[in-house]
Amino acid sequence: MGRVAAVLEEAADRLLDRLDDTTRKFTRALDVGGRGVVAAKLRARGIKVVSTDLSPAMAALNGGPCVAADEEYLPFGPGSFDLVVASLSLHWVNDLPGCLIQLRRSLAPDGLLLASLPVLGTLDELRNGLAEAELALTGGVAPRISPFPELRDCAALLQRAGLALPVADVEEIVFRYADRLTLLRDLRAAGEGNAIRLRDRRIPPRGLFAAALAGLPEEDGRIRATLRLAMLTGWAPAPSQPQPLARGSARVSLADVLRGETG
Amino acid sequence: MSDTEPATSDVSMPTDRASAPIDPRLLEILVCPITKGPLEYDRAAGELISRRAGLAFPVRDGIPIMLPEEARTLEP
Numbered sequence: 001m002g003r004v005a006a007v008l009e010e011a012a013d014r015l016l017d018r019l020d021d022t023t024r025k026f027t028r029a030l031d032v033g034g035r036g037v038v039a040a041k042l043r044a045r046g047i048k049v050v051s052t053d054l055s056p057a058m059a060a061l062n063g064g065p066c067v068a069a070d071e072e073y074l075p076f077g078p079g080s081f082d083l084v085v086a087s088l089s090l091h092w093v094n095d096l097p098g099c100l101i102q103l104r105r106s107l108a109p110d111g112l113l114l115a116s117l118p119v120l121g122t123l124d125e126l127r128n129g130l131a132e133a134e135l136a137l138t139g140g141v142a143p144r145i146s147p148f149p150e151l152r153d154c155a156a157l158l159q160r161a162g163l164a165l166p167v168a169d170v171e172e173i174v175f176r177y178a179d180r181l182t183l184l185r186d187l188r189a190a191g192e193g194n195a196i197r198l199r200d201r202r203i204p205p206r207g208l209f210a211a212a213l214a215g216l217p218e219e220d221g222r223i224r225a226t227l228r229l230a231m232l233t234g235w236a237p238a239p240s241q242p243q244p245l246a247r248g249s250a251r252v253s254l255a256d257v258l259r260g261e262t263g
Numbered sequence: 001m002s003d004t005e006p007a008t009s010d011v012s013m014p015t016d017r018a019s020a021p022i023d024p025r026l027l028e029i030l031v032c033p034i035t036k037g038p039l040e041y042d043r044a045a046g047e048l049i050s051r052r053a054g055l056a057f058p059v060r061d062g063i064p065i066m067l068p069e070e071a072r073t074l075e076p
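Line by line, the protein sequences give chains A and B.
Heads up: the first sequence runs through residues 1 to 263, numbered per our numbering.
Heads up: the second sequence runs through residues 1 to 76, numbered per our numbering.
Because the hints were derived from the structure by calculation, they are not lab data.
All figures in this text were calculated on a predicted structure; none of them were measured in a lab.
Sample of chain A residues at the chain B side, in silico, Cβ under 10 Å: (1) Ala59; (2) Ala60; (3) Pro65; (4) Pro78.
Straight-line alpha carbon distances no greater than 20 Å define the calculated DMTMM-like cross-link-like pairs of lysine to aspartate or glutamate that follow: (5) A:Lys48 - A:Asp82; (6) A:Lys48 - A:Asp13; (7) B:Lys36 - A:Asp95; (8) A:Lys41 - A:Glu10; (9) A:Lys41 - A:Glu9; (10) B:Lys36 - A:Glu72; (11) B:Lys36 - B:Glu70; (12) A:Lys48 - A:Asp110; (13) A:Lys48 - B:Asp23; (14) B:Lys36 - A:Asp82; (15) A:Lys48 - B:Glu28; (16) B:Lys36 - A:Asp70; (17) A:Lys25 - A:Asp110.
Using N, Cα and C, we set each Cβ at its ideal position, and we do this for glycine too.
Here chain A stands alone, though its shape is the one from the complex (with noise of 0.2 Å):
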């Protein structure tokens, strides 16, 4: 955890930072996957914090109440939140629309919906590499990076769960590594490995790692690793929110408006 901590700590403050955009005041919240780090920034906000994680040790390193729960099996009843924060932690979800339905359930009405994934554009410099580097040595090239959604894709998702006024952005994190081995080092110690179900299972041709690391583009004798991450919010639907006008109620024609014919 020591070498990803940091990683963690920056993707929990951007995406929590949306909170502090927010006048709404949040009392009770859950952690999903936060690994000690989100709940205790949710606590210094005076948040009460329930922490879930798939392995038990990982729930207790956040201190207060924690249950070791599967995202694709929540144990929460509906409405036991008015907060539900998932930082870096839905990427590994088989069915990642069934689980935001289910998060989407254990919200109170106009309660909030904070995510963070990895999108399309992460690691693109290792994925570049070694495909170079395994075409070249073998004239074939194996999916060694996980595929990442599209940022498009991840509003969708926000819609399909029922969640209204969903936003996608993205937030780019730049790491630079002078020795090279330790961008796959850092991947290794934060658990995110290639874990394709589908993946090639035969030992690696010897010396693609090398030659892919060896390949990637310098600046100033480091190389670059991007985390571009879809901060994804979205809201449980209340009749508090701006709703649309139902249909055929309009008063103005559109057509109107654009020959500037209105007064």
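Put chain B on the given structure of chain A with help from the hints.
Coordinates of chain B only, in the frame set by chain A:
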């Protein structure tokens, strides 16, 4: 991380793993992860029981383990 909340710090040190009590705040919100139905808390056995799912979820060190694969199947 060294968050000292009175609710957790005044717990008398339990010696038996199963007897560590669940935080009362959790008992108010926990439901069965499969059926989303109510749970019964068997304090002595340290289990949360879902009758409808026929499963008993263990409580270890005060942490409810709400994972179906970790649960004990109840005798019918």
